[in-house]
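Going line by line, the protein sequences match chains A and B.
Under this note's numbering, the first residue of the first sequence is numbered 13, with each subsequent residue one higher.
Under this note's numbering, the first residue of the second sequence is numbered 485, with each subsequent residue one higher.
These are calculated hints, taken from the structure and not from any lab test.
Treat the hints with caution; some may be incorrect.
Straight-line distance between alpha carbons at most 30 Å, and here's what the computed DSBU-like set of lysine-lysine pairs gives [as the list claims (entries may be wrong)]:
hint : chain 1 : residue 1 : chain 2 : residue 2
1    : B       : Lys542    : B       : Lys553
2    : A       : Lys108    : B       : Lys542
3    : A       : Lys27     : A       : Lys69
4    : A       : Lys108    : A       : Lys69
5    : A       : Lys108    : B       : Lys553
6    : A       : Lys23     : A       : Lys69
Since the structure is predicted, the reported quantities are computational estimates derived from the model, not experimental observations.
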Amino acid sequence: GAGVSQSPSNKVTEKGKDVELRCDPISGHTALYWYRQRLGQGLEFLIYFQGNSAPDKSGLPSDRFSAERTGESVSTLTIQRTQQEDSAVYLCASSKNEGGYGYTFGSGTRLTVV
Amino acid sequence: AQSVTQLDSQVPVFEEAPVELRCNYSSSVSVYLFWYVQYPNQGLQLLLKYLSGSTLVKGINGFEAEFNKSQTSFHLRKPSVHISDTAEYFCAVSAPSGGSYIPTFGRGTSLIVHP
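If we strip away everything but chain A, and leave its shape as in the complex, we get (with noise of 0.2 Å):
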């Protein structure tokens, strides 16, 4: 597609159920990044995977967080047992390559958990 496409936009759940985000990136894009954006906070990095390697999961925050990408398409974000915490809203990017092009972003998922 022309951007990287996020669903849904608005996820309400409450606190200990699941939750799957799911990420579409611009094809041909080999790169792609989960993060996560707290109210009025930074970006938080969580995951990010590059073609076929495995993925670099050094930022997810405990064991509860999840994601799955399967060759150079579709990526789910899964959050288990949510936690009030968890709430933030949740961004992708996708790029070529190392990034020399930018990253392109996603118009996120705001995730409530109540």
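Take the given structure of chain A and dock chain B to it, following the hints.
Then chain B, alone, in the frame of chain A:
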């Protein structure tokens, strides 16, 4: 690992005045530098980037930034701001050659343009 410091969390300015948003980085290897803008309830949009070559980089919406290697800075400037420039601005650094491809973002600077 690289890091980014945005020195001002908030910058108020009057319309048509000049503005500078400050960004300093640290890295032991060569870097790519970026400025992104985030309008309310939207994703991040690339304003400009520095990869190599000329240290003065021009971007969209009349913004420009200057890479200063000795001061490890990449400050964003605009000679005359508009109300519509009110937004959050993020500086980012990546180090694809010998460092990390993963961009590290600053905490953001909120630019508030008053009429």
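Would you list, in rising numerical order, the hints stated earlier that this structure does not obey?
Of the numbered hints, all hold.
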